[in-house]
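Engineer: Hey, can you work out the whole structure from these sequences and the hints?
The lines below spell out each chain.
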Amino acid sequence: MTHASKLLELSRISKRYGPLLALDDVDFDVMPGEVHVLFGENGAGKSTMINVITGNVGPDGGSYRLLGNEVRTMTPQEARRRGIAAVFQEFSLVPDLTVLENLFLGRERRIAGLLKRAEMRREADAFIAKLGFNLPLDRLVVDLPRAQRQLLEVAKALFEEARILILDEPTASLTDTDADRLFDLLFEMKRDGVGIVYVSHRMREIRLLADRVTVLRGGRKVATVAGADVSEAQLVEMMVGRPVGDLYPAIAHKPGKPLLEIEKLSSVDGRVRDVSLAVREGEIVGLAGLVGCGKGEIGRLVFGLDPISGGSVRVKGKPVARFSPRALLRRGVCYFPADRATDGLAPNRPIRENASAAALDLKRFGGGGWLRRRAENSKVREVFERLGVRPLRLEQTVLQFSGGNRQKVMLARGLMREIQIFLFDEPTVGIDVGAKAEIYQLMRDLAEGGAAILLISSELPEILNLSHRIYVMHEGEIVTHLEGEQRTEAQVLSGFFGKNRTKAAA
Amino acid sequence: MSLAEPSLPRRAFTTRLNGFLANGGIVLLLILLIAVVTAIIQPRFLNQQNILNVLRNTAILSIISMGQMLVMIVGGFDLSVGVIVAFASIETALVMSALLQWMPEMQFLAVVLAVAIALASGAAIGMVNGVLVARLSLSPFMVTLAMSSVIAGATFYVTKGIPVYGMPEFFTHGVGRSFLLGVPTVVVVGLLVVLTTIAVQRLTRFGRHVYAVGSNPVASRQSGIPVDAVLVATYAISGLTAAITGILLTARIGSGQSTLGGTFVLESIAAAVVGGVSLLGGSGRAERVLLGALFLSLVSNSMNLMRIDSKFQTLVLGAVLLAALCFELLLRGRRKYG
Amino acid sequence: MAEAVITRQGLRWTHIDFLQRILPTLLMFAGFAFYEPAVASTSNLWNIALQTSYLALFTLGQVVVLLTAGLDLSIGLTVSYASVVSALAMMQFSDEPGLAVLVFIATSVGVGVLIGGFNGFFVAVLDINPFVVTLASFNILLALSSTITDGFPVSGFPPLLGSALVNSAVAGIPIPIVIIGVLFAATAVLLNRSVFGRSLYLIGSNRRMAFAAGINVRLHLLGAYILCSSLAAVGAALLTARAGSGEPNIGGSLALETIAAAVIGGARLRGGEGGVLSALAGALFVTVLSNGMNLARIDGYVQQLCIGAIIVLSLIADRLSHRTSRTS
Numbered sequence: 001m002t003h004a005s006k007l008l009e010l011s012r013i014s015k016r017y018g019p020l021l022a023l024d025d026v027d028f029d030v031m032p033g034e035v036h037v038l039f040g041e042n043g044a045g046k047s048t049m050i051n052v053i054t055g056n057v058g059p060d061g062g063s064y065r066l067l068g069n070e071v072r073t074m075t076p077q078e079a080r081r082r083g084i085a086a087v088f089q090e091f092s093l094v095p096d097l098t099v100l101e102n103l104f105l106g107r108e109r110r111i112a113g114l115l116k117r118a119e120m121r122r123e124a125d126a127f128i129a130k131l132g133f134n135l136p137l138d139r140l141v142v143d144l145p146r147a148q149r150q151l152l153e154v155a156k157a158l159f160e161e162a163r164i165l166i167l168d169e170p171t172a173s174l175t176d177t178d179a180d181r182l183f184d185l186l187f188e189m190k191r192d193g194v195g196i197v198y199v200s201h202r203m204r205e206i207r208l209l210a211d212r213v214t215v216l217r218g219g220r221k222v223a224t225v226a227g228a229d230v231s232e233a234q235l236v237e238m239m240v241g242r243p244v245g246d247l248y249p250a251i252a253h254k255p256g257k258p259l260l261e262i263e264k265l266s267s268v269d270g271r272v273r274d275v276s277l278a279v280r281e282g283e284i285v286g287l288a289g290l291v292g293c294g295k296g297e298i299g300r301l302v303f304g305l306d307p308i309s310g311g312s313v314r315v316k317g318k319p320v321a322r323f324s325p326r327a328l329l330r331r332g333v334c335y336f337p338a339d340r341a342t343d344g345l346a347p348n349r350p351i352r353e354n355a356s357a358a359a360l361d362l363k364r365f366g367g368g369g370w371l372r373r374r375a376e377n378s379k380v381r382e383v384f385e386r387l388g389v390r391p392l393r394l395e396q397t398v399l400q401f402s403g404g405n406r407q408k409v410m411l412a413r414g415l416m417r418e419i420q421i422f423l424f425d426e427p428t429v430g431i432d433v434g435a436k437a438e439i440y441q442l443m444r445d446l447a448e449g450g451a452a453i454l455l456i457s458s459e460l461p462e463i464l465n466l467s468h469r470i471y472v473m474h475e476g477e478i479v480t481h482l483e484g485e486q487r488t489e490a491q492v493l494s495g496f497f498g499k500n501r502t503k504a505a506a
Numbered sequence: 001m002s003l004a005e006p007s008l009p010r011r012a013f014t015t016r017l018n019g020f021l022a023n024g025g026i027v028l029l030l031i032l033l034i035a036v037v038t039a040i041i042q043p044r045f046l047n048q049q050n051i052l053n054v055l056r057n058t059a060i061l062s063i064i065s066m067g068q069m070l071v072m073i074v075g076g077f078d079l080s081v082g083v084i085v086a087f088a089s090i091e092t093a094l095v096m097s098a099l100l101q102w103m104p105e106m107q108f109l110a111v112v113l114a115v116a117i118a119l120a121s122g123a124a125i126g127m128v129n130g131v132l133v134a135r136l137s138l139s140p141f142m143v144t145l146a147m148s149s150v151i152a153g154a155t156f157y158v159t160k161g162i163p164v165y166g167m168p169e170f171f172t173h174g175v176g177r178s179f180l181l182g183v184p185t186v187v188v189v190g191l192l193v194v195l196t197t198i199a200v201q202r203l204t205r206f207g208r209h210v211y212a213v214g215s216n217p218v219a220s221r222q223s224g225i226p227v228d229a230v231l232v233a234t235y236a237i238s239g240l241t242a243a244i245t246g247i248l249l250t251a252r253i254g255s256g257q258s259t260l261g262g263t264f265v266l267e268s269i270a271a272a273v274v275g276g277v278s279l280l281g282g283s284g285r286a287e288r289v290l291l292g293a294l295f296l297s298l299v300s301n302s303m304n305l306m307r308i309d310s311k312f313q314t315l316v317l318g319a320v321l322l323a324a325l326c327f328e329l330l331l332r333g334r335r336k337y338g
Numbered sequence: 001m002a003e004a005v006i007t008r009q010g011l012r013w014t015h016i017d018f019l020q021r022i023l024p025t026l027l028m029f030a031g032f033a034f035y036e037p038a039v040a041s042t043s044n045l046w047n048i049a050l051q052t053s054y055l056a057l058f059t060l061g062q063v064v065v066l067l068t069a070g071l072d073l074s075i076g077l078t079v080s081y082a083s084v085v086s087a088l089a090m091m092q093f094s095d096e097p098g099l100a101v102l103v104f105i106a107t108s109v110g111v112g113v114l115i116g117g118f119n120g121f122f123v124a125v126l127d128i129n130p131f132v133v134t135l136a137s138f139n140i141l142l143a144l145s146s147t148i149t150d151g152f153p154v155s156g157f158p159p160l161l162g163s164a165l166v167n168s169a170v171a172g173i174p175i176p177i178v179i180i181g182v183l184f185a186a187t188a189v190l191l192n193r194s195v196f197g198r199s200l201y202l203i204g205s206n207r208r209m210a211f212a213a214g215i216n217v218r219l220h221l222l223g224a225y226i227l228c229s230s231l232a233a234v235g236a237a238l239l240t241a242r243a244g245s246g247e248p249n250i251g252g253s254l255a256l257e258t259i260a261a262a263v264i265g266g267a268r269l270r271g272g273e274g275g276v277l278s279a280l281a282g283a284l285f286v287t288v289l290s291n292g293m294n295l296a297r298i299d300g301y302v303q304q305l306c307i308g309a310i311i312v313l314s315l316i317a318d319r320l321s322h323r324t325s326r327t328s
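Residue numbers (my numbering), protein chains in the order written: chain A, 1 to 506; chain B, 1 to 338; chain C, 1 to 328.
Quick caveat, the hints were computed from the structure, so don't treat them as lab data.
By construction, the Cβ of each residue, glycine as well, lies at the ideal position given by its N, Cα and C atoms.
Be aware that a few hints might be false.
If you only want the chain A side, here are some residues facing chain B, beta carbon under 8 Å, derived [unchecked claim]:
id : residue
1  : Pro-76
2  : Val-94
3  : Asp-96
4  : Arg-110
Structural biologist: Printed below as a string of structure tokens:
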């Protein structure tokens, strides 16, 4: 009955990764000519859902119907053949190939087994012109800035002539002009009857595009509501699972002397230019900006993970001469990287070893010679208890824990030794609400105990609700500094796009 | 875009220099240098016989290096190429001599059949490697190392290390020592293999998919590329090119030998690395690997002419490999994703 | 099921795991002994013990670098080169046997430190793929050890060497086994109880994490390669003393054997896992296998074939068991 009219119908989909239930009995469908928004926090299951639809991940249970037909196993090739195209957040681009080659990847035009290079180029030229994107066809993707990679990823999906188009945060690093162009294209496709699955956090886009919104939380579907008659507060509350006020603790602001002062800092790769900022004792300073604007890079530069081309950093008033994690840890600075998997954790080692890794040079744990296992055990246990790591099994490997606990294991590094300056880079990506609240509590305790905290985050509510002061970055520079009543969503957002430059006073 | 602007004027020069050096310019310069120096010190270098020798060796090495290169582009290594050479060698000889005893007057058919069987088994061994690497995501290094042990054991068990004779002159002279249009047949075959590989890399979908899989397997899968099939195919091709090498060597020597091919693992990897194939996968061009093979053959020929102990030559080979890696390291800095 | 998996993972590298890993060896041993009773004779048991301990020592060196997510293909040629060079050095002092033995041991270890430093420099400091680095040094050492002696053994050792390093015994246990046992204990303590050992595991599990945690990655990696080659060099000295001559071919196929033993014993190529017990369990397996096949008069080439096949099978089994434990 209704089956025939639905383009896509997923019912009771479940997917488990080790200890993590990524999707739990979720229903989802798409009608022709509608935009169906998937809404939820990072880690709520949106990406898994998209991966199931596009055949990258096989679900453990549930049924998958495409145009009313049951699909047993979906593969990426099959999905593309049947008219499903996707814009992935992590980009499905191959860095060592050119823009042109990427555009045709997996659907190269051929005659007698040979590539039709001239025809593909003509086709691509015409298509890019039609889209109105600025994309150099012969550049290697590895040499493209992030904004152009994003455009290419979008172009690649639109190139499909798809019946179902999936977009995962497609505007995350686009300029306003490019984003508006994209929305025009999406409206055109809607008119042609294409079903669109759209993942975004941005209310402006949800307002503009959404016919329906499905909210996910912790791998479960909370509700599907009509886009027209739902307020932002309602959506956020559904996403978080509790009134927003409860999530963010009130944090007293009693700033003392500056503990971290950054002066005209630039990176070798040019992603950060002449950035100056300061964080004082007892305050949380937010650093906001679009994905790829360079905000996370600042933490990496200060902590010595990436090379600096100019500028200076002062810790507790004294200049830093040697930028290395070891030297900075000893000065009381700890940076928690955004990407737990690459920089944050040793996956197949026990959580005990992960927690104490940054404190092995201390006398009390061994001081470079023999380990003092008993001291290590008791301190790690104490820190994990404070952070609420559950279950408290010190000898289990990181792989056996869920995202929230993994994050806590990483944060434990900063509590194993005397640290006064904490740099949190996207501290709540991919973790559940409970863990999130606990991490916010921790930040409050640290700040009220006199620590200086730099909170680098792409989650706007986090920045707005926790920070005492906010810096906004745009294309590698700080464009706005907001204090007191100025700290509004509108002010931060306009900074995202490089408008509303206040001369940043540090 | 705007991020790169400030440093543009400085980049122009270094980019051009880097570009020339990175695209095989330095190997070309070194080849010329070695050729000139050797010719001055040892005029015998320019003898027709010696030049043909260098070309033959280059051809043989570049054939096996084509397969190794493809495997390295998809991010692996093939350590089994050496034993596949030996395996193909004794297989060719055994099958050929057996067929000849059975049907002595059908020389041509015997040769064709033996060669076809050797090629097929080389490709089949490669396929087994590829399936283990692709489907079970086992380490290519371990798989091909263990496979080497298996194949070498089998090869030596069958022959007890004794050369296998009994191949028709038509094969040993016809393929091994003959000339086509004034060029040694081996060189013609080598050129064909290299040209085919160049064509595959530039003109075919498979060639492009090999780069894609090596550069970013996840994105490749998402883009609908059959990643596993591409992996299996590259390992199969590597087995195939190793088998071709084994057959050509067998024809040249005139007997099937289980000790052939020992140095080819190192040499093929060295030719690829000298030819700019990245150990990280995703890049590498056949024409540059050909240059790498020519370079290595020249170095070894030059050392032979200067009467440097052949055992000592592997030291030079190892040193060249390390030097090439350090050079790649210098260029690597600017090429990072994200 | 889930609980069992957790317990097993929680007690990783304890004796339970070790027993699990040597169970196949015991079964295999029983099989060989049934087929050929000589396998279980006292003299053969001593033989197995001795062979296992040599292989275990080399495997231990391999495990040290494997757990940093590296590997050492040059380990066999390190043994050959150390054997030849230390023998040549000792011959310079043939008038004074006591000094000669000391020179012999010192040279061997010194060669190990140098080779480990060479490999470690390229791998740790320059960050070049360990596989290709050690493949290159394999060939360099091959050239050196065969040209230095023209491929001939260096013989004419003072008898004192044999009585010191081969024939003496402590409490009835042959001296090589004692020395190797001490090295095992020392390495076990180093890996499990020192900051150095801890750092190696963390570096192997995630090099970038270790760096971000303030661990001196380059220095520790360099140390791992030096330790690996030094252990190999001590083994070389013991083997050379037993052979009575410096042998350029003594290291032979040790790279394959040690990597196979380590992997069978539970070390992983991707790093962060493995320990002294995996070296021991793996070496025991490989030794019992080849000893049994020898006594069962199985052709040496078939043995080589079997070892290759067993490596592949153990890799597959390992992969499959990990798959099921992840999805169950």
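Engineer: Compare the structure with each hint and give your call.
Structural biologist: Consistency of the hints with the structure:
no. : hint    : in the structure
1   : Pro-76  : holds, 5 Å
2   : Val-94  : holds, 4 Å
3   : Asp-96  : holds, 4 Å
4   : Arg-110 : holds, 6 Å
In summary, the structure agrees with every hint in the numbered list given earlier.
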